[in-house]
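Quick note, the sequences are listed as chains B and G, same order.
If you use the numbering used here, the first sequence closes out at 167, no skipped numbers anywhere.
If you use the numbering used here, the second sequence closes out at 359, no skipped numbers anywhere.
Careful, some of the hints might be misleading.
Claimed, not checked - Derived pair list, reagent style BS3-like, types lysine-lysine, alpha-carbon separation capped at 25 Å:
| # | chain 1 | residue 1 | chain 2 | residue 2 |
| --- | --- | --- | --- | --- |
| 1 | G | Lys159 | G | Lys196 |
| 2 | B | Lys3 | G | Lys197 |
| 3 | G | Lys163 | B | Lys33 |
| 4 | G | Lys193 | B | Lys33 |
| 5 | G | Lys169 | B | Lys33 |
| 6 | B | Lys28 | G | Lys42 |
| 7 | B | Lys28 | G | Lys108 |
| 8 | B | Lys29 | G | Lys197 |
| 9 | B | Lys3 | G | Lys193 |
| 10 | B | Lys29 | G | Lys279 |
| 11 | B | Lys29 | G | Lys169 |
| 12 | B | Lys33 | G | Lys196 |
| 13 | G | Lys42 | B | Lys3 |
What the hints assert, rightly or not - To spell it out: a stretch of chain G is covered by chain B in this simulated footprint if at least three of its residues, at any positions, have a beta carbon under 8 Å from a beta carbon of chain B; those stretches are:
| # | stretch |
| --- | --- |
| 14 | 244-252 |
| 15 | 330-344 |
Worth flagging that the hints you see were computed from the coordinates, not collected in a lab.
For glycine and all other residues, C-beta sits at the position ideal for the given N, C-alpha and C.
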Amino acid sequence: MEKLIEQFSFGLFFWQIIIFVLLVLLLKKYAWKPILDAVNNREEGIRTALQSAEEARKEMQNLQADNEKLLQEARSEREAMMKDAREIKEKMISDAKSEAQAEADKIIKAAHSAIESEKQAAVNDLKDQVAKLSIEIAEKVVRQELSDKDKQIKLVEGMLNDVTLNN
Amino acid sequence: MRREFFEKILVIVLVLSPFFTWAQHELEGISTGTESQREDIKAFIDHHLLDSHYFTFTEDEETGTHYGIPLPVILWDNGLKVFSASKFHHGEEVAEVGGEYYTLYHNKIYKTDAEGTITYDEDHHPSNAKPLDFSITKNVVTMVLVSILMFLLFGGLAKSYTKNGGMPKGVGRFFEPLVVFIRDDIAIPNIGKNYKKYMSFLLTIFFFIWFLNLLGMTPLGVNVTGNIAITFALAMLTFLITTFTANKNYWGHIFWMPGVPKLMRIVLAPIEVLGMFIKPFSLMIRLYANMTAGHVVLMSIIGLMFLFKNWIGSSLSFGLAFALSILELLVAALQAYIFTMLSALYFGMANEEHHDEHH
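One chain only, chain G, in its complex shape:
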C-alpha cells in the first residue's frame, strides 16, 4: 500500500516538474501583480472586515455601480435623524438632513459642511465630529436575520416535540444532540447543580456565534463576529451574568483569598480584581481575533488568485483557499464552543460552593 502511494507521488512529481520550473520562471517574471492591484485587494479586505451602511452583494469597480440594498441610517445629533443610506451614494455625496450635513468616510458617518470637507489630524484620522450612530447596519441586519432563523429553527424544534410524541423531527434531529451536548458537556461539568439558570444564555450564545461565524464564510461577505463591538457586547453579557449571579464564595476568593497568608491576600486582591475583567476581555479578543484573522487570511489567498494570473499559481491559491475554508468551518464551530465553554467556566466559578482549605 505505502509503496504504491509513494510511486504514484513520484510519477506525479516527475510529470509536473517541467511545469514547476516553467511556473517559477513565470512567477519571477511578473512577481505578484501590480502595485495598484495589491492596494485594491488590501482595501477590499479592509472594507469587507468593517461594518457597512449597505447590504452589498457585489459591485462593479469600473462603472461604480453597487448591487445591494441601502440600509436605514439612524443618527442622534441634536435630535433623532432617520434617513436612507442611499443619500450618501456610497460616500460620493454629502447627505443633508434637517440642516445638518453628513458624509461617509471609510464606512463611518462624520459631520461635515455642505462641501463635505474632512479635516485630518496628524495621524491621518478624520478629526470631524462623529454623531451617535444607531444605524441599522449590515451587521445589525445579519444579526436580526440570524435571530429570526434561530427562533424559527428552535421554536420549530420545541413544537415538534409536542406533535411528535417527545421525539425531534427533521433538522431537530441534528440540533437536539448539540443542545444536549451543551447541557451535558459544557454546562453541567463546569457549573454544577445550578446550571439550569444559565442554560438559555449558553445555548443562545453558542448557536448565535456559530451561525454568525458560518454566515461569515458565505459570499455574502458579512463579518459580524469579527467585529469588536459584537464580541465586546457578548463578553460584557458574560461578565455581567458572572458578576450578578456570583455567590459569597466568589467574592471571598477575589477580595480575601482563603488559605494563603494575610499579606498575600492583600497582594492578591488587586490581581484577582484585574482577573475579573481580564477573563471577559480575553473572550472578546479571542473571538474577534480568530474570526478577523480567518477572514483576512482567506481573502488574501483568494486575492492571490487574481494576482498570479497564471494557472499554476492561481490553482495553487485555489487549493489553499479551499483547504483554509474547510479549516475555517472548523474554527467557526470551535470558537463558538470555546466562547460558550469559557462562559460556562466563569459561571461555574461564580457558583462554586464551599472550598477545601488545602487548595
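Next up, chain B with everything else stripped away, as it sits in the complex:
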C-alpha cells in the first residue's frame, strides 16, 4: 500500500483525466453516436421489415381463407341451384304426366260418350228404319189381303175367331 502511494504520480493522473475525458467527448460526437445510431437504424429497419413480412404473410393467409370461403360458398350455391333445378325438373315432369293423364282420361271419356251417343243414334235410326219398313211391308201385305172379297171376309172371320178365342 505504501509502495502504491509512493508510486502514485499526480501528473499522470492529471493527464489521464484530461485525455480520457477529451477522448470520451470526442468519440461521443464523432464515433459512438453515429455508430449507435446506424446500428439502431439498421435494427429498426430489420424489425420493421420482419414485421411487414409477417403482416403480408397474415394478409395473404386471410386472402387465401377468404378465397377458400368464397369458393366454398360458390360450391354450395351451385349445389343448391342444381338441387332446385332437379326438383323443378322432376315436378314439371310429374305435373306434365298427371296433366296428360287427366287430358287423356277426359278425351277417352269424351270418346266413350260420343261413341255411346252415336251408337244410340244409330240404334234409334235403325229402329225407325225397321219400323218404317215394317209398316211399309204391313201396308203392302194388308193391301194384297184386301184386294178381293173372299179374302176380306176370311180375314174378318179370322179376326172374329181370334176375338172369341181371346174370351
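Starting from the known structure of chain B, fit chain G onto it as the hints suggest.
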C-alpha cells in the same frame, strides 16, 4: 484415439528421459544464475513496471547507451519549468533549469543541489522535495497514441456507415459486434432503460483499457493499465458518474435502507457509505493488480530463460512464457470487460427505480 495418444506420450517421455536426468543434474550444478543476474532481472522488471521520462525501445547495459526518445518534462516548482528529459542523461546528470537543480532517481524527479545529493530517511526512501510533475511521460504518450488510434478507428467506422449504406466496412466488421455486445450484454441488462447516457463512457473505457492492456503485451514495454494513477483516474470517473447521476432511490438505499428495522438502518448507513467508496476502490485495485501481476510473472519467466543458460530450462521457460502470453491476451480482454461490466453495474444501482419492499 486415446490409446494412441497415450502411447505417443509414453514414447516421447522415454526418449526424453535421459535428457531430463541430465538437465536436472545441470540445474543442480548451476542453480539459477548468479546473484547479480537475478538482481538485474528484478531491477529490470521493477523499472519496466514504472512510468518513465523516456520512451526507451532498448538499451545496452554495458555501454550505457539507450535507444529511445527523451520526453518533455513539465514541472510546477515556483513557476512552470519545461525542458527535455535528455538533460538528465538517464539519471546520470543533474538538470539545471532556471536556477533550480533536479535529478532523476528511480524514474521520479527530485529537487536537489548542484552536486545531485539525495538524502534518505530511515526506510531508505529519498527525503528530497518533489516538484509537481506534469511531464509528458511514456504512459502519457502511450495514452495519447491509443486515443488517436481509437479516434481514427471508431471515427472511421462511424464514417463508413454513411458511405456504405448503413453497413460497417473493413475492421469495423470486427469492432461493430463488440460495440453491440457492450450495448446489449453490458449496458442494457445492468443499467436498464437509462443506458443511453452511459454508453459513451462504457464504450470508451472498454476499448481504452483493452487497447492499453494489449499494448502492454508488446515489446514496447509500456505498462499503462498497471499504473495506480491510471486505474485510480478511471475508477474515480466511474465513482463520479455514479454519484452525480444517482437518483433518490440510490441515496435512500445508502442513508435510510428501506425494508429493515430502524435501528438497523442507522447501523447500515455508515457501511453503505463506505461501500460507495469501496466499489470504485476495488475497480482500481483489480485492474492494477491484474495487469501488474501479469507483467511481473511474464517477465520473470522470460528472465528465467537467461538464468537457466541451458537449452532444456530455457526452452521450458519459453514454452511457459508463450502459454502465459496467450493467457495474458485473454486477461487483457477480460479485465477490460470486468471494469466495464462493474461500472455498468454501479451505474445501474444509481439508476434503479422503485424497489420492492420484500427485498
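Taking the hints in turn, this is what the structure says about them:
no.	hint	in the structure
1	Lys159/G / Lys196/G	holds, 21 Å
2	Lys3/B / Lys197/G	violated, 37 Å
3	Lys163/G / Lys33/B	holds, 16 Å
4	Lys193/G / Lys33/B	holds, 17 Å
5	Lys169/G / Lys33/B	holds, 17 Å
6	Lys28/B / Lys42/G	violated, 42 Å
7	Lys28/B / Lys108/G	violated, 35 Å
8	Lys29/B / Lys197/G	holds, 13 Å
9	Lys3/B / Lys193/G	violated, 42 Å
10	Lys29/B / Lys279/G	violated, 29 Å
11	Lys29/B / Lys169/G	holds, 20 Å
12	Lys33/B / Lys196/G	holds, 10 Å
13	Lys42/G / Lys3/B	holds, 16 Å
14	244-252	violated (count 0)
15	330-344	violated (count 0)
Hints 2, 6, 7, 9, 10, 14 and 15, counting from the list given before, are not met by this structure.
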